Structures are given as C-alpha cells and as structure tokens.
Amino acid sequence: MPWYPLVRLIPRVVASIAASEFPLMYQLAEWIAVMASGIYGMLLARQHQMDFIGVFSVGFIVAFGGGTLRDLFLNRHPLFWIQHEHYPVVVFAIAVAFSLVPRIPRWAERALTVSDALGLGLYSVVGATIALEVGTSHFIAAMFGVITGTFGGVIGDVVCNRVPSLFTSAPFFATCAFVGSWLLFLMDAWGVDRALSFPLAVGFIVLSRLASLHFDWRMRTLEFEDPGE
Amino acid sequence: MPWYPLVRLIPRVVASIAASEFPLMYQLAEWIAVMASGIYGMLLARQHQMDFIGVFSVGFIVAFGGGTLRDLFLNRHPLFWIQHEHYPVVVFAIAVAFSLVPRIPRWAERALTVSDALGLGLYSVVGATIALEVGTSHFIAAMFGVITGTFGGVIGDVVCNRVPSLFTSAPFFATCAFVGSWLLFLMDAWGVDRALSFPLAVGFIVLSRLASLHFDWRMRTLEFEDPGE
Amino acid sequence: MPWYPLVRLIPRVVASIAASEFPLMYQLAEWIAVMASGIYGMLLARQHQMDFIGVFSVGFIVAFGGGTLRDLFLNRHPLFWIQHEHYPVVVFAIAVAFSLVPRIPRWAERALTVSDALGLGLYSVVGATIALEVGTSHFIAAMFGVITGTFGGVIGDVVCNRVPSLFTSAPFFATCAFVGSWLLFLMDAWGVDRALSFPLAVGFIVLSRLASLHFDWRMRTLEFEDPGE
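Residue numbers (UniProt numbering), protein chains in the order written: chain A, 1 to 229; chain B, 1 to 229; chain C, 1 to 229.
Please keep in mind that the hints were generated in silico from the structure rather than gathered at the bench.
Small disclaimer: the values here were computed from a predicted structure and weren't measured.
Some hints here could point you the wrong way.
Stated by the list, open to error - Listed next, with one range per pair, are the computed distances between beta-carbon atoms: (1) Leu186/A / Thr113/C: 54 to 60 Å; (2) Arg110/A / Leu24/B: 54 to 60 Å; (3) Leu200/B / Leu186/C: 44 to 50 Å; (4) Val192/C / Leu196/A: 53 to 59 Å; (5) Leu100/B / Leu196/A: 56 to 62 Å; (6) Arg194/B / Leu186/A: 44 to 50 Å; (7) Gly135/C / Leu100/B: 48 to 54 Å; (8) Gly203/B / Ala93/C: 37 to 43 Å; (9) Ala195/B / Arg106/C: 52 to 58 Å; (10) Val101/C / Leu200/B: 33 to 39 Å; (11) Trp107/C / Arg194/B: 47 to 53 Å; (12) Gly135/A / Ala195/B: 53 to 59 Å; (13) Ala97/B / Ala93/C: 46 to 52 Å; (14) Gly135/C / Trp190/B: 45 to 51 Å.
Even for Gly, the Cβ is constructed at its ideal location relative to N, Cα and C.
Assemble the whole structure, with the sequences as input and the hints as a guide.
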C-alpha cells in the first residue's frame, strides 16, 4: 500500500478545509455525513463476508453515492469528492482501520444507528440546500434532499444483492428526509436564519428517524392482491 | 404531507406546458410516457410488497431512469424531469392515489400491458430523435432510443432484485424499440415529414410489442454448454 | 436487422481511428480493452441463459460501464463510446457472431481469463492517465484507474443479480489496478517516458492479475462476528 503519498496529503487536507468557499457549517456537516455513512457501508460489507476491497468499495459507494447522483443530476462539477480530495482518503483510512478490527461488538451496531441517522439528516439538508441554490423548485429540492440522504444506502443494498431496505416496509427513513427538507423551506419562508433553521431541520430528521426506529413507526406494506388467482 | 405547495404548483405546471420550447407532439408523447411507465413501476413495487415510499421510488425510477441516462450521457442539462418540474409532482400524486387502492384488479394488469407498450414506443422515438438532434450517428441514436425506452424498467428490475426481464428470453421488447428507431431514420431519409413518421414509428413499436406478447414471439435463449463438465 | 447502415459505417470507422486526436498507443489500448471486456460480458450473459438482446446489453455494459462512469464523473463529453462511434458497432458485431456459436469450448474460457486481465490493465492505466490530465490528485486518479478497469464488471454482475465478485474474497483484481496506477505515477515522478512506463504499468497489472489467479493470492474475508448472538 502506498502510504507515503497519503501522508503528504495531510497539509492539503487542512488547506482544503480552510480555503473552502463553502460555509464552515455545511463543510463540517458534510464531513461528518461522509464518515457516518462510510462506516455504515463498511458494516454492511462485513455482514456480507467481503474482503478489504469490498469493505472499502461499499463504504465508498454508501458515503458518496447519494451526493454523486445529486452532483451529476444538477451538473455540478467537479464532484464533491473530487473537489474535496481528502474525503476518499479519509474513507480509505477508515476502511484500513476497520479491516484490522477482528470482531464488531454489539454496542458498535447501536452506535451506528445514531451515526446513520446523523448521516441521513446532514446529507439530506445539505442536498436540499444545494438543489435550491441551483434554482430547482421546492418539490424537486426536497427530492434532492431524499436522494442525497438515502441513495448511497440504496446503491449499497443493490450492490450487496438485497432489495433496498428503504423501499420495503421499514421504520421511517426517506420520509424523515422529505419532511425535514420541507421544514427547512418553511423556516426559510418565515425568514428564519439558516444558522438556526439548518441545525433545527437536521435535528428533526435525526430525532424523527431515531424515534421511528425506537417506536417502530412504519408505513403499512401495500399488498398486490389478485382476485383472479 | 405538505399538500399546500403541491397545489400551488398547478399554475406553474400549466405555464410550463404552454411555454415549452419543445414541439407539442413530443411534449404530449413524453407526458404519456412518464405516466405509463410510472404506473408500471408502481405495479412492480406492489408485487414486491413495498410501502408508499417504495411505490413512489420505483415508480419514479422506472418513469425517469431511461430519460435520465439519456440526458446524462448526452450532457443535456437541466435533466428533463428537473426542467419539466411538474413530472415528479404528477408521479407523486399518482403514487398517492395508487397507494389508496386496496387491491389491483386483473383487468388493470391487462390495461397496463398496453400502457407499458405505449411508454416504450413514445420514450424510444423521443430518445432517438433527441440523440439525432445532438449529432450522434444513426446507430448510436437507435441505441439511445432503446436506452430511453427500456432502461427505466431495467433499473427498476435491478432495484427489485430481479434479473432484468429485458435480458432473458422474453417477448420482443428492446428489439421493437431498435427497429422502430431505424424505421424513423429511414422515413427521414425518404423525406417523410416528422408529423407523419413520428406517430408511425411509435405505432410500429407499440403494435409489434403487443403482437410479440400475444403471439409469444421471442428470441431463443443462448445456452452456455461446457463439454468439459 | 438493419445491416446496410452498419456497412456504411466502415469508412467512418477508419476515418475515426485515423483522425483521432488521442495518441495511437492509448487508442489501440482502449480498442483492445473494449473488445476484451465486451466478450467477457457476453460470456457472463450466456452463463445466465440470456437471449441475443441480453448478450449484447451485458457485453455493452461491461465494455463501456467503467469508462462511462469515468467520463460522467470527470465531466468529459462526448462520452468515449459516443465520440468513437465505431466501438458500439464493433460490440454489436461481436454479439451477433457470439450468438451464432452454439457452444463455448473450455479453452475459450481460459483464453478469456487472459483477455479479461488485458482489459483490466489497459482500461485502468488509460483511466488513471485521463484523470491525471483533468487535474485530479494522485489518489483520486488511482481510484479512477480502478473504477475504469473494474466497474464495468461490477455493473454487469449487479445486472445479472450476483454479488459483484470484485467485493468478495477473490484473487486480486482491483488491487492490481490500484498498485499498477501508483506504479505509473511513480515512474512519472522518476521522469520515465510514458512510451515506456505505460506498457510497463499495463504489464504489471496483467501479470499480477494472472499470477493472483494461478497462485490463488487473495485477501482474507472479514467476518462479522457478533458475540451477543
């Protein structure tokens, strides 16, 4: 493994964060979202008995999949993980560390539920904000919130050959992102400053997600009944 | 669910159709194609016991998947469902209505065969036309007809964890789109006006698709025989 | 099938190769990579009992999937298979020929191992080189080498409803592409001419891949042990 070039990247990482034209709050939110969802993907990969390449790749796909779709669909270049070139390096480093852990303790899985909810909240609100800045309608922007927040996991599930858990009757997930995005737009309309409305919307998504998990709030499955058979 | 913003969109929807720089015929064709393939995706989702989010998402993926690939591959921005921002709203409304239907009657499935064929015909000819306008070769344009017409369903199948029915030995589907696109190019070469050749090519695709289903026209499966085992 | 337009393409194919602004070495490398990975995809399709459309589609996806992701992610337009419009025609012709073969002899599969390794080596080094030219960091460029070399096969596996063999504990594949890309960058830093370093890096990837297959070099599977169950 070529470690030397990785070490040489560190000053560039610091410079890249400092010089970012992005406001610091969004930057920090995206940073945590990348790590939280990357780790979630790596856990998924280990559940499917993959090797290091699989752990890194699925972590990469879950961490960057939703944001990559957002950037491609909105024609934003360079992609956010090419512009912030330290993101993939960090995911790589986490994958290396993660591969050295022989077994995943049970409390880690519970901790991951929180970090996954955090990733959902942060990515969704960042995604909805970016879409709005590009000039889409509110409905489309809310959809971009959902896509950014959830499609990394969807692609990860597809790659691991499972029906995406997002689509089956599971505790609220995409719904939290959708409602949370509208909440932000509503606060925008009321003139609430983003410095306040941004963390409020993220908080709503994270808490409603965790509450859905805890109280098992879910939509009912829609049956396909065929009276002719 | 934030219904109020949806209602406010209606005048914008009307304005967006009226002010469209796209000729009305293409516009109408795309509109019907979106609805037909969206409903097809929602039926697929219900067959897989998904909830409302799944029904909307798979409907969205089948309705816009092929056209999104076309727009990304040809670098056309904004994507057609971002430009025509009422399309996703309509798919959302259909998904809501669809989720309130407790059971799908048998005749609906038969009706869907027709609307699916219609979606194939319309999307394929629109896709091939757009590729040609961008300046691709005829062969590439015919492939864009096939991609636009069929890849929504392919991605929908992949997301539902099935081998895409397009690739297994099934009644002609992609073949109809490919031949229909060439038919349009042939009529272009003969100087036939698009106002005539467009509906003719769509009609050929729809009818050949329905005939393939009815008479079970299909290609033979290619075996992988290994004499060494 | 409309053969006549295909025949008319031949002079355009020759002109397209001759007038290519790409250096001849890269052009030839890409050409062989397209054919090698296209045939690999078609073999995969036949193993899954697909028909002609499936054989062509999976061949197309494996041949162009990785490079399409590279071009989309780096915002390079037109896509390489739209610019070099003879590539899809060649894959189409191979699919026709391939569909006429009633059974695949055992030696063909062994020959394919070599051509698959060749495709990996060529696509990876071309992909890494292109990313570097666009101005990405070395780490990102090495990742583009891996994406270009391997993701056609990953998407092909997903479409065929298998967990991508890349991610499970299989003989080194992505690792060869990653290390080979860094080898090229290292030789660049040492001032080695690309006319020498390019074939050396490709050769390293091809030989290390074949050696991994022969000696069964692989990473160990990472278990997901849960002491609580």
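Now the hints, each set against the structure:
One distance hint, 54 to 60 Å for the beta-carbon pair Leu186/A and Thr113/C, holds here, with the actual separation near 59 Å. As the Cβ distance of Arg110/A to Leu24/B is approximately 57 Å, the hint placing it in 54 to 60 Å holds. The hinted window of 44 to 50 Å between Leu200/B and Leu186/C is violated, with their beta carbons roughly 60 Å apart. Separation of Val192/C from Leu196/A is about 56 Å and conforms to the stated range, judged on CB atoms against 53 to 59 Å.
With their beta carbons about 37 Å apart, Leu100/B and Leu196/A fall outside the hinted range of 56 to 62 Å. At about 46 Å, the CB distance of Arg194/B to Leu186/A agrees with the hint of 44 to 50 Å. A beta carbon spacing of about 52 Å between Gly135/C and Leu100/B agrees with the range 48 to 54 Å that was offered as a hint. Separated by about 30 Å at the C-beta atoms, Gly203/B and Ala93/C break the suggested range of 37 to 43 Å.
As the Cβ distance of Ala195/B to Arg106/C is approximately 56 Å, the hint placing it in 52 to 58 Å holds. Evaluation of the 33 to 39 Å hint for Val101/C and Leu200/B yields a pass: the beta carbon distance comes to about 37 Å. One distance hint, 47 to 53 Å for the beta-carbon pair Trp107/C and Arg194/B, holds here, with the actual separation near 52 Å. Between Gly135/A and Ala195/B the beta carbon distance is about 34 Å. The supplied range of 53 to 59 Å is therefore violated.
Distance hint check for Ala97/B and Ala93/C: the Cβ-Cβ separation is about 47 Å, which falls inside the suggested range of 46 to 52 Å. Separated by about 48 Å at the C-beta atoms, Gly135/C and Trp190/B satisfy the suggested range of 45 to 51 Å.
When held up to the earlier numbered hints, the structure conflicts with 3, 5, 8, 12 and fits the remainder.
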